[in-house]
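These protein sequence lines map, in sequence, to chains A and B.
Heads up, the first sequence is in this note's numbering, so the first residue is 1 and it goes up one at a time.
Heads up, the second sequence is in this note's numbering, so the first residue is 1 and it goes up one at a time.
The reader is advised that the hints may include incorrect statements.
[Stated by the list, open to error] When the alpha-carbon atoms are kept at most 25 Å apart in a straight line, the in silico SDA-like pairs for lysine to any residue are as follows:
id, chain 1, residue 1, chain 2, residue 2
1, A, Lys270, B, Asn114
2, A, Lys87, B, Leu108
3, A, Lys258, B, Asp72
4, B, Lys262, A, Glu33
5, B, Lys258, A, Pro272
6, B, Lys289, A, Lys5
7, B, Lys307, B, Asp72
8, B, Lys307, A, Pro272
9, A, Lys269, B, Lys258
10, B, Lys262, A, Val11
11, A, Lys258, B, Lys262
12, A, Lys5, B, Arg336
Think of the hints as simulated: they come from the structure by calculation, not from any bench.
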Amino acid sequence: MYTSKNPYRPVKTIVLDVITETPTIKTFVLQPETPISFETGQFIEFSVPGCGEAPFTPSSRPSVSDTLEVTIMRVGKVTTRIHELKKNDIVGLRGPFGSRYPVELFKDKEVLVIGGGCGFAPVRSLMYKLFEIRGDLKKLVFRGGCRNPKEFLYRDELESWTNKNDLNIRLTVDKSDGDTVWKHDVGLVTTILGDVGMDVKNGFAVVCGPPIMMKFTTGTLLDMGFREDNIFLSMEKNMSCGIGKCGHCRIGTYYACKDGPVFRYDAIKKFPNIWD
Amino acid sequence: MYYISENNFSRFLQICDDDYDVFLPVKKGNNRFFTRYTQQIQQPVVGEVRTSDPLKAFFFRAREKVARDFEDGMPAESRKPACIVGVKACDLAGFKVQDSVFINNDYLDPFYKNERENNLIISSDCTCAIDTCFCLALGIKPYPIENFDINLTPLENGYLVEVGSEAGIKIVEIHSQLFTEPNESQKNERDTIREHTKDAVEKNIRNYTIPLKDKFEGIIEKNYESDIWQDEASTCVECGACNAICPTCHCFLLYDQKDEKKMERLRIWDSCMIKDFARVAGGANPREKLWMRLRNRFEKKFDFFPKIADIYACTGCGRCVSACPAKIDIRNVLKRLVHNVYK
Ligand SMILES: Cc1cc2nc3c(=O)[nH]c(=O)nc-3n(C[C@H](O)[C@H](O)[C@H](O)COP(=O)(O)OP(=O)(O)OC[C@H]3O[C@@H](n4cnc5c(N)ncnc54)[C@H](O)[C@@H]3O)c2cc1C
Ligand code: SF4
Ligand code: SF4
Ligand code: FES
Numbered sequence: 001m002y003t004s005k006n007p008y009r010p011v012k013t014i015v016l017d018v019i020t021e022t023p024t025i026k027t028f029v030l031q032p033e034t035p036i037s038f039e040t041g042q043f044i045e046f047s048v049p050g051c052g053e054a055p056f057t058p059s060s061r062p063s064v065s066d067t068l069e070v071t072i073m074r075v076g077k078v079t080t081r082i083h084e085l086k087k088n089d090i091v092g093l094r095g096p097f098g099s100r101y102p103v104e105l106f107k108d109k110e111v112l113v114i115g116g117g118c119g120f121a122p123v124r125s126l127m128y129k130l131f132e133i134r135g136d137l138k139k140l141v142f143r144g145g146c147r148n149p150k151e152f153l154y155r156d157e158l159e160s161w162t163n164k165n166d167l168n169i170r171l172t173v174d175k176s177d178g179d180t181v182w183k184h185d186v187g188l189v190t191t192i193l194g195d196v197g198m199d200v201k202n203g204f205a206v207v208c209g210p211p212i213m214m215k216f217t218t219g220t221l222l223d224m225g226f227r228e229d230n231i232f233l234s235m236e237k238n239m240s241c242g243i244g245k246c247g248h249c250r251i252g253t254y255y256a257c258k259d260g261p262v263f264r265y266d267a268i269k270k271f272p273n274i275w276d
Numbered sequence: 001m002y003y004i005s006e007n008n009f010s011r012f013l014q015i016c017d018d019d020y021d022v023f024l025p026v027k028k029g030n031n032r033f034f035t036r037y038t039q040q041i042q043q044p045v046v047g048e049v050r051t052s053d054p055l056k057a058f059f060f061r062a063r064e065k066v067a068r069d070f071e072d073g074m075p076a077e078s079r080k081p082a083c084i085v086g087v088k089a090c091d092l093a094g095f096k097v098q099d100s101v102f103i104n105n106d107y108l109d110p111f112y113k114n115e116r117e118n119n120l121i122i123s124s125d126c127t128c129a130i131d132t133c134f135c136l137a138l139g140i141k142p143y144p145i146e147n148f149d150i151n152l153t154p155l156e157n158g159y160l161v162e163v164g165s166e167a168g169i170k171i172v173e174i175h176s177q178l179f180t181e182p183n184e185s186q187k188n189e190r191d192t193i194r195e196h197t198k199d200a201v202e203k204n205i206r207n208y209t210i211p212l213k214d215k216f217e218g219i220i221e222k223n224y225e226s227d228i229w230q231d232e233a234s235t236c237v238e239c240g241a242c243n244a245i246c247p248t249c250h251c252f253l254l255y256d257q258k259d260e261k262k263m264e265r266l267r268i269w270d271s272c273m274i275k276d277f278a279r280v281a282g283g284a285n286p287r288e289k290l291w292m293r294l295r296n297r298f299e300k301k302f303d304f305f306p307k308i309a310d311i312y313a314c315t316g317c318g319r320c321v322s323a324c325p326a327k328i329d330i331r332n333v334l335k336r337l338v339h340n341v342y343k
């Protein structure tokens with residue numbers, strides 16, 4: 001839970017390490033002065049003094065509270081500055097904010113987790129959590145998709161998951177781009193959902209990725225027979241405050257920062273243009 | 001109820017000035033603006049109608065330093081609390097929206113809460129209506145009934161005084177020598193003024209055939225795909241004036257000062273009419289077109305807030321009508337929306 005008296009104040013944080021994941025994605029290992037313990041699915045606001053702030057979902061193990069990792073794609077002003085950060089630089093963190101994945105619902109159920117592109121970041125933290133409680137789950141299925149092997153986030157780690165015998169996993173890329181080492185599927189992530197082998201009527205699905213991927217994947221899940229109230233989505237909107245005040249992230253009668261970012265599909269499907 | 005004479009009221013303001021930064025409406029041309037009190041101010045306009053600038057600026061400031069150097073707590077400001085005089089009912093009604101955002105929510109905004117607790121509001125009845133006033137259409141009477149510390153009804157040579165809070169009671173008690181019992185004719189004078197102003201607003205509503213709020217339910221949903229939005233937005237210049245002057249608009253941006261050496265964060269007013277408001281990195285924008293943003297502004301006021309807080313986020317103050325350089329008139333938009341539903 002958020003503890004500061006002033007919800008706009010960032011906590012002074014030191015950059016412990018910077019890991020280059022792909023040409024445009026880096027993971028930052030951060031140690032806030034006062035520990036920030038998040039639950040999987042929640043997000044934090046990350047700021048660089050003199051530059052600005054942006055929201056990210058930690059990609060690390062939620063049970064670790066003195067440090068956390070965020071995996072960030074370089075796309076604009078703040079993220080470009082973040083990518084210039086080095087070990088021991090000082091940054092700011094606020095949070096955690098928003099809703100989390102409702103993992104307690106998954107007890108004795110079959111769970112399908114689908115990640116796409118940079119959506120692997122929140123999904124990685126969710127998978128760490130699910131691995132911890134794997135004994136409580138009836139079945140765990142993972143499907144991951146990315147544009148090409150070069151941009152495949154956490155590639156080595158995901159490869160290693162393919163060796164887990166209590167995980168049904170398939171990975172795909174839109175195009176292999178001549179990567180000869182790539183031994184997994186080629187095609188959109190929606191094309192590798194056919195063999196999940198789940199009791200779809202009672203199973204849960206979690207989807208995180210770019211809006212277009214979430215839109216089509218949700219459509220496929222519904223066609224497969226998943227219930228609307230058993231599908232959970234991470235919605236990314238423009239955010240500033242993170243606490244339901246600045247007005248930027250509204251979706252219908254909700255604020256994505258406070259009532260989301262994790263939404264049950266049936267809660268938001270009635271609003272117009274949710275994928276835009 | 002009390003009575004205070006014109007002279008005693010001047011003394012009262014001087015006294016308030018010790019503990020507060022006092023602001024008074026002063027007329028410039030045809031408009032009224034809150035101005036810092038000095039003894040030289042000869043003619044504050046306590047009555048008449050709303051100022052051009054919204055009351056919210058004293059509570060949710062246009063530019064507030066909200067964090068510095070990673071220190072917890074709030075960056076200290078050296079200013080005194082504000083005492084705002086001559087506040088009108090349409091501005092006080094804005095508190096319903098602002099409070100629901102900044103206080104009655106999962107998180108508390110300590111800056112807003114501070115101002116709400118410490119500022120003193122000396123409101124006043126409207127003694128006339130201008131062309132753009134339509135508060136009654138929103139069910140708001142042109143005289144304050146709540147959310148003030150002290151309310152004044154301007155009479156011939158003084159004011160009828162009503163206290164509306166603990167702070168109001170206390171300050172009147174401490175300076176009780178300035179206040180007297182009102183007589184019956186003074187009380188009657190108040191009723192006459194209030195009736196007179198109500199008539200003036202009702203006349204506006206009739207003249208412009210402004211729909212009343214009992215017809216507002218569903219006007220956004222049912223007009224979501226209507227071409228009213230594109231039509232109305234066609235002259236908009238995206239200046240954001242409508243948001244800035246509105247007593248209910250609450251959107252802001254956290255802005256970090258461009259000094260890498262120190263961390264300093266401002267909370268500044270933002271406008272949902274501006275293109276980048278909802279744009280996300282990579283360029284996707286749920287409200288790409290200007291008319292979508294105009295629709296969004298109305299959706300917030302007439303669909304979102306009624307659903308989440310049971311209030312219409314418009315108080316009928318008419319400021320956006322006066323401020324819009326593109327002459328987009330909320331009364332007209334409401335008329336079209338309602339007409340489309342009831343035709
Ligand atoms: C809940 C959530 C979780 C996310 N998780 C991840 C993640 O794990 N990994 C990831 O890579 N991306 C994630 N994103 C996306 C990420 O937030 C954006 O990529 C990021 O905001 C882009 O910022 P930018 O400044 O580089 O881009 P730009 O396109 O330059 O700007 C985007 C926004 O940054 C803000 N901004 C710019 N300047 C300032 C300033 N001076 N002060 C304050 N704000 C400023 C503005 O609000 C602007 O609209 C997430 C988004 C959300 C909503
Ligand atoms: S929308 Fe216009 S008329 Fe309504 S409260 Fe805001 S400024 Fe006043
Ligand atoms: S004041 Fe008028 S021109 Fe300016 S943004 Fe609002 S509607 Fe558009
Ligand atoms: S980010 Fe400010 S309301 Fe959601």
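Hints, one by one, checked against the model:
At roughly 38 Å between alpha-carbon atoms, Lys270 of chain A and Asn114 of chain B are farther apart than 25 Å, so this suggested pair is violated. Note on Lys87 of chain A and Leu108 of chain B: the hinted pairing is violated, with a Cα-Cα distance of about 34 Å set against a maximum of 25 Å. Proximity of Lys258 of chain A to Asp72 of chain B is assessed by CA-CA distance (about 22 Å); at most 25 Å being required, the pair is judged to hold. Distance restraint check for Lys262 of chain B and Glu33 of chain A: the Cα-Cα separation of roughly 17 Å lies within the 25 Å cut-off, and the hinted pair is therefore satisfied.
Between Lys258 of chain B and Pro272 of chain A the alpha-carbon distance is near 37 Å, which puts this suggested pair outside the 25 Å criterion. At roughly 38 Å between alpha-carbon atoms, Lys289 of chain B and Lys5 of chain A are farther apart than 25 Å, so this suggested pair is violated. Between Lys307 of chain B and Asp72 of chain B the CA atoms are separated by roughly 35 Å; this puts the pair beyond 25 Å, and the hint is violated. Annotation: proposed proximity of Lys307 of chain B to Pro272 of chain A holds, straight-line Cα distance about 16 Å (limit 25 Å).
Of the pairs offered as hints, the one joining Lys269 of chain A and Lys258 of chain B is violated, with about 40 Å between alpha carbons and a cut-off of 25 Å exceeded. At roughly 14 Å between alpha-carbon atoms, Lys262 of chain B and Val11 of chain A fall within 25 Å of each other, so this suggested pair holds. Taking the CA atoms of Lys258 of chain A and Lys262 of chain B, the gap is about 29 Å. The hint is violated against a cut of 25 Å. Using a Cα cut-off of 25 Å, the hinted pair Lys5 of chain A and Arg336 of chain B is violated, with the two alpha carbons roughly 46 Å apart.
The earlier numbered hints that this structure contradicts are 1, 2, 5, 6, 7, 9, 11, 12.
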